[in-house]
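S.K.: Sequence order for the protein chains is C and S.
Mapping of the first sequence onto the working numbering: residues 1 to 199, in sequence order.
Mapping of the second sequence onto the working numbering: residues 1 to 316, in sequence order.
Just so you know, nobody snuck in bad clues.
A partial selection of chain S residues facing chain C, derived with a Cβ cut-off under 10 Å: (1) Arg14; (2) Gln185; (3) Arg195; (4) Phe212.
Just so you know, these hints were derived from the structure itself, not from any lab.
Model, not experiment: these values are computed from the prediction.
C-beta atoms are modelled at their ideal positions from N, C-alpha and C, and glycine is treated no differently.
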Amino acid sequence: MTPYSILLLVVWFLTAKAIVSTAGKPSLHNLAWMVYMKTVKGGTHVKLHDKKQELIAINKEKKAISAQDEYAKWTKLNRKADKLSTEITQLQLEVNIDRTKVNKLIDWIFTILITIPIWFCRVWYRKSLLFYLPSGVLPYPLEWALALPFGLTGAVGMSVWMFAVNQVISSVIFLVSFPLKPSVSAPSKEEAVNNKNNK
Amino acid sequence: MASITEDERKRILRERRQAKMAKGKASDRLNTILNQGSSVNANTAVSVLDVPEQATSTIKETKPTSIDDNTVHEDPEIQDIDTVIQKIARTDSLNENPAQPPDMDALFNQIFGGASGAGFPSDSTAPGADGNDNADPFTQMMMQMMGGKGGDINNPFAGSSLPQGMPEISTYDSEMAKYTEYQHQLYEWRFLIVRYGLMMFNFIYHFINEPFFRSSSLISVRSNTFHTSSFMTWFVSCEVAILSAYYVLCFNRFNHHVSGNSWVIKLLDMGLMVLPQLARYKQLVITLFGYYDLLSIILNDVSFMVILFGLTSYIT
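With the rest of the complex left out, here is chain C (with noise of 0.2 Å):
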């Protein structure tokens, strides 16, 4: 591989690995779990939202009828409604079972498609030149300093190259993120007091 290759796999497995912990594993498995529910079809999930439907169903009919003028049809009822009561608590287990194997397999992609390839890039790469800096640009110190830990003076090295990315990805992620955020507007002491006085 050339140097320069490497230098654009480490940007591009940062990058993921970046976004990856900006996303949050939670919201990521979520994300796979709605793409399992649609893409598996005839699974215990379909089961699970069918014997709910039937459950609700059931459960409004008997609301819909009095106990008491039509007990015979009303416990009947009830005795199907506990019935799938009790299914619906063993799909549920059937189900998150399940959902535990999705977020076990989708954690097993990430540390496959990123964490492996940044720690093998990492340990294999650890003593390769990425790339050399224009003589007479920056001063002597500074080179020295990012040749660190094994380069010549004058190059970068892998662990200068993933602290940047890392340093630089963060800063693109906060650039990006924090419009988003809602904007927080100055307190005022009278009004939490205020407040505090109409409650």
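Given chain C, put chain S in place with the hints provided.
M.R.: Quick look at chain S alone, frame taken from chain C:
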């Protein structure tokens, strides 16, 4: 025979049922239902209709928590905790004004009011807060230890005439902390745009105008030919201007807030309980945190410069 309507039929059935129930023998009927019509009468359940009035009232009295006497269902499916608290407070004979719900803030103030030190404003009604002779000796000791020794660092109200309402102030403080955090981020965001803009402009300008201003994966760019570039001069000038502006605008304004969130300061605060002498180092640590903030700006800008050099190394 004339046909009766559905409503009439229901009414007649209801009346018959009521007449049947008025005759008594509720326990017999209950046991018949429980045995499902079996001829062997094994159940000896007693209906609530047959239980004497006194027995029923005894059961009610021995109930551990009677929430509301007016409720139709003694054991409601869902109980709202607010309702429960209000009803318990209403029955409390010590409460001077039972019609009003209890003030949870006042309750907490009563609990924690005695432990408030110099760093926190406290309600004058709280025990030990007024500094009289009846105050808790531990509180007095803590107030003496904390008084005037940097205990007011995170408290904007320390030393001033404190407002009387502790809950209002705590709400105001939390809102102010959120506002300060937002303002700090806002300044950081603005500075980041300016910094990256300037760095980008500086880099592109030199990249276009100076032919030797190229990084490469080939060592040939490190030739012995001596070049002079104004890139670093402009870089350092921009850094100095940016850091100065950041120092003036943000350093003193947000320094306490930023360092207050740090685990080091929290650890130091815990240590202050054992060693009050640590208070003199707290200000120093806060200042160091501020300088670390400035250092991280420099590191971030150098990183951005390295990224630009790296990504353009393909061109050579």
